[in-house]
Amino acid sequence: MAAEIQQLSDLIASSVSTLLQACEDCNTPFPDPNQPVTPQSEAFRASQVAMDATSIIAASALQLAARVLPPHTSLMNIMSGHFKSAALRTALELNVTEILREAGPQGMHIDDIAKICNVDGNKLGDQDVHSRSSPEDKHEGTSGLVALVEILGNDAAKSSSHLLENMKDPITGRSGEPNHAPFNRVFNVNVPLWHWYETKEQVYRRRRFALATRGVTQIHDSELLDDGPSLLKISAKTLDPI
Numbered sequence: 050m051a052a053e054i055q056q057l058s059d060l061i062a063s064s065v066s067t068l069l070q071a072c073e074d075c076n077t078p079f080p081d082p083n084q085p086v087t088p089q090s091e092a093f094r095a096s097q098v099a100m101d102a103t104s105i106i107a108a109s110a111l112q113l114a115a116r117v118l119p120p121h122t123s124l125m126n127i128m129s130g131h132f133k134s135a136a137l138r139t140a141l142e143l144n145v146t147e148i149l150r151e152a153g154p155q156g157m158h159i160d161d162i163a164k165i166c167n168v169d170g171n172k173l174g175d176q177d178v179h180s181r182s183s184p185e186d187k188h189e190g191t192s193g194l195v196a197l198v199e200i201l202g203n204d205a206a207k208s209s210s211h212l213l214e215n216m217k218d219p220i221t222g223r224s225g226e227p228n229h230a231p232f233n234r235v236f237n238v239n240v241p242l243w244h245w246y247e248t249k250e251q252v253y254r255r256r257r258f259a260l261a262t263r264g265v266t267q268i269h270d271s272e273l274l275d276d277g278p279s280l281l282k283i284s285a286k287t288l289d290p291i
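Numbering (our numbering), first residue to last: 50 to 291.
Just so you know, the hints here were simulated from the structure itself, not pulled from any lab data. Some hints here could point you the wrong way.
Straight-line distance between alpha carbons at most 30 Å, and here's what the computed DSS-like set of lysine-lysine pairs gives [what the hints assert, rightly or not]:
(1) Lys217 to Lys172
(2) Lys164 to Lys207
(3) Lys217 to Lys133
(4) Lys164 to Lys217
(5) Lys133 to Lys172
(6) Lys133 to Lys164
(7) Lys133 to Lys207
Quick list of the computed label-pair ranges, beta carbon to beta carbon [what the hints assert, rightly or not]:
(8) Ile220 to Lys172: 33 to 41 Å
(9) Gly130 to Phe236: 17 to 25 Å
(10) Ala135 to Gln112: 21 to 29 Å
(11) Arg94 to Glu151: 30 to 38 Å
(12) Pro120 to Ser58: 15 to 23 Å
(13) Ser129 to Glu226: 27 to 35 Å
(14) Asn76 to Ala135: 36 to 44 Å
(15) Ala92 to Pro120: 36 to 44 Å
Yeah, the Cβ is synthetic: ideal placement off N, Cα and C, and Gly gets one too.
Kindly generate the complete structure, drawing on both the sequences and the hints.
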């Protein structure tokens, strides 16, 4: 109904006003999207008023998009998410961000980027000059966010793609054993994930997980994390040098 989308639009507008006012009252500016994510940039979320407003804005925006987009477009946006995560993982692990940062604001042609990465330029991206659009990368700052993105785009994505096969398997489908997870099927190992991380061959994954969990504690409210299981106990044991 037309009235519904108008209500959603009004709710977003009023909540944005509430959010900006809360930021001003608490002297915690709303973050600049062109700057790295830091605990300081996220400080505005300590305000309950601001947090409530962001939740309303996000939920209303998603609902509004679902109402105005064609149903098949909404469905494809959900189903095609793996393409975006695969592309992001490729850019991260080929160090494209670092290459563009060194190139400066003038950017670099895709063929030159591909030559440094030792990959086919036609598969890396469109034939154009690209520039660095975000200062956030795995070698800059200590947020751990990029380490988390790498985990989600690599191991987690591969494991989730085999969820159905794991559920239909007569052995793993009804098993609660930690070594009968989709992860085990994908990586062909017979030990739980945490045991695999402890092997000498998985030093990088172990270190990456530690950085990711440390980053989560820096970005999120420490009081919220205190209410749940502490990943820092795990991370403290995994900070071996790469």
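Against the structure, the hints:
A threshold of 30 Å between alpha carbons decides the hint, and for Lys217 with Lys172 the separation of about 35 Å lies outside it, so the pair is violated. With a C-alpha separation of about 27 Å, the suggested pair Lys164 and Lys207 falls inside the 30 Å cut-off, and the hint holds. Distance restraint check for Lys217 and Lys133: the Cα-Cα separation of roughly 27 Å lies within the 30 Å cut-off, and the hinted pair is therefore satisfied. Between the alpha carbons of Lys164 and Lys217 the distance comes to roughly 43 Å, so the proposed pair goes past 30 Å and is violated.
With a C-alpha separation of about 14 Å, the suggested pair Lys133 and Lys172 falls inside the 30 Å cut-off, and the hint holds. A hinted pair counts as satisfied when its Cα atoms are at most 30 Å apart, and Lys133 with Lys164 qualifies at roughly 23 Å. Of the pairs offered as hints, the one joining Lys133 and Lys207 holds, with about 14 Å between alpha carbons and a cut-off of 30 Å not exceeded. Ile220 and Lys172 have their C-beta atoms about 38 Å apart, which keeps the hinted 33 to 41 Å range intact.
In this structure, Gly130 and Phe236 meet the distance hint of 17 to 25 Å, their C-beta atoms being roughly 22 Å apart. The hint said 21 to 29 Å for the Cβ distance between Ala135 and Gln112, and at roughly 28 Å that hint holds. The beta-carbon spacing between Arg94 and Glu151, approximately 33 Å, falls within the hinted interval of 30 to 38 Å. With their beta carbons about 20 Å apart, Pro120 and Ser58 fall inside the hinted range of 15 to 23 Å.
Range check, Ser129 to Glu226: Cβ separation about 33 Å, and the 27 to 35 Å hint holds. Hint check: Asn76 to Ala135, Cβ distance near 41 Å, so the stated range 36 to 44 Å holds. Restraint check, Ala92 to Pro120: a C-beta distance of roughly 39 Å satisfies the suggested window 36 to 44 Å.
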